[in-house]
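Taking the hints into account, I'd like the entire structure generated from these sequences.
Residue numbers (my numbering): 1 to 205.
Everything labelled a hint here was simulated from the structure, so no lab data went into it.
Treat the numbers as computed from the prediction; the structure is a model and nothing was measured.
Cβ coordinates follow ideal geometry from the N, Cα and C atoms, glycine included.
Don't take each hint at face value.
Said to hold, decoys possible - Heads up, simulated SDA-like pairs for lysine to any residue below, C-alpha to C-alpha not over 25 Å straight-line:
no.	residue 1	residue 2
1	K50	G165
2	K128	D182
3	K50	K128
4	K128	M188
Said to hold, decoys possible - Derived DEER-like restraints, expressed as beta-carbon distance ranges:
no.	residue 1	residue 2	range
5	L134	W187	13 to 21 Å
6	Y47	T108	25 to 33 Å
7	A200	G41	53 to 61 Å
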Amino acid sequence: MIGRFRPGPRFFTEDYSLSTYCECILSPMSTRHILLGLLAGGPSHGYDLKRRHDERFPQARPLAYGQVYTTLQRLVRDGLAEVEGTGSEGGPERTLYRSTEAGGRELTRWTGEITPPAPFVTNEIFAKVVVTILAAGDPAGHLQLQRAAHMARMRELTAVKTAPGADLTTVLSADYALTHLDADLRWMTTTAARLTTLTAEVTAA
Numbered sequence: 001m002i003g004r005f006r007p008g009p010r011f012f013t014e015d016y017s018l019s020t021y022c023e024c025i026l027s028p029m030s031t032r033h034i035l036l037g038l039l040a041g042g043p044s045h046g047y048d049l050k051r052r053h054d055e056r057f058p059q060a061r062p063l064a065y066g067q068v069y070t071t072l073q074r075l076v077r078d079g080l081a082e083v084e085g086t087g088s089e090g091g092p093e094r095t096l097y098r099s100t101e102a103g104g105r106e107l108t109r110w111t112g113e114i115t116p117p118a119p120f121v122t123n124e125i126f127a128k129v130v131v132t133i134l135a136a137g138d139p140a141g142h143l144q145l146q147r148a149a150h151m152a153r154m155r156e157l158t159a160v161k162t163a164p165g166a167d168l169t170t171v172l173s174a175d176y177a178l179t180h181l182d183a184d185l186r187w188m189t190t191t192a193a194r195l196t197t198l199t200a201e202v203t204a205a
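So this is what it looks like as structure tokens:
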């Protein structure tokens, strides 16, 4: 039995875009730990860390320079990184950062943790279907539009992973997103077939 759904304001204000799904999958990664991992290879400046992040995680939202430097400052504040010095390398002077011993221990701790499965069953697609029913809208039409957006994104990702010269990091990132998108599509198919029952339960709750 489906209980009463109490939507938060985000379900009314955020629109789905073709890039949203992959960003939602990858954005929960801890930026501080990713930067610590990149620093494990040796001292780097913020510009290089941003570039390497975007190369290593091609399907994630690119890091903003401000986010990189803010995170580096927090790592230094927490004793997980420190300033190595400055260097220009023929260009503007940049600050070099290195990981500390404490940073290395924190990285080891984080990589040793098992990532817990998502604790909540309800996701945004399901939430919008329920809210559409509550608002006397067209849940079937919403699912059709969502399916079209998913399939368009899957075509984009397939083109990315099959492009000549695509590296394994890109292929694996695309495969991860494609697997989740495919699961969503299968869920949408079964949900569309049971909308009459779902509508009765939601409106009666």
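The hints, checked one at a time:
1. Proximity of K50 to G165 is assessed by CA-CA distance (about 22 Å); at most 25 Å being required, the pair is judged to hold.
2. Between K128 and D182 the alpha-carbon distance is near 19 Å, which keeps this suggested pair within the 25 Å criterion.
3. With a C-alpha separation of about 35 Å, the suggested pairing of K50 with K128 is violated against the 25 Å cut-off.
4. As the CA atoms of K128 and M188 are separated by approximately 12 Å, the hinted pair is consistent with the 25 Å bound.
5. Checking the proposed 13 to 21 Å range against L134 and W187 shows it holds: the Cβ atoms sit about 20 Å from each other.
6. Judged by the Cβ atoms, the range 25 to 33 Å given for Y47 and T108 holds: they are separated by roughly 27 Å.
7. Hint check: A200 to G41, Cβ distance near 58 Å, so the stated range 53 to 61 Å holds.
The structure shown violates just one earlier hint, number 3.
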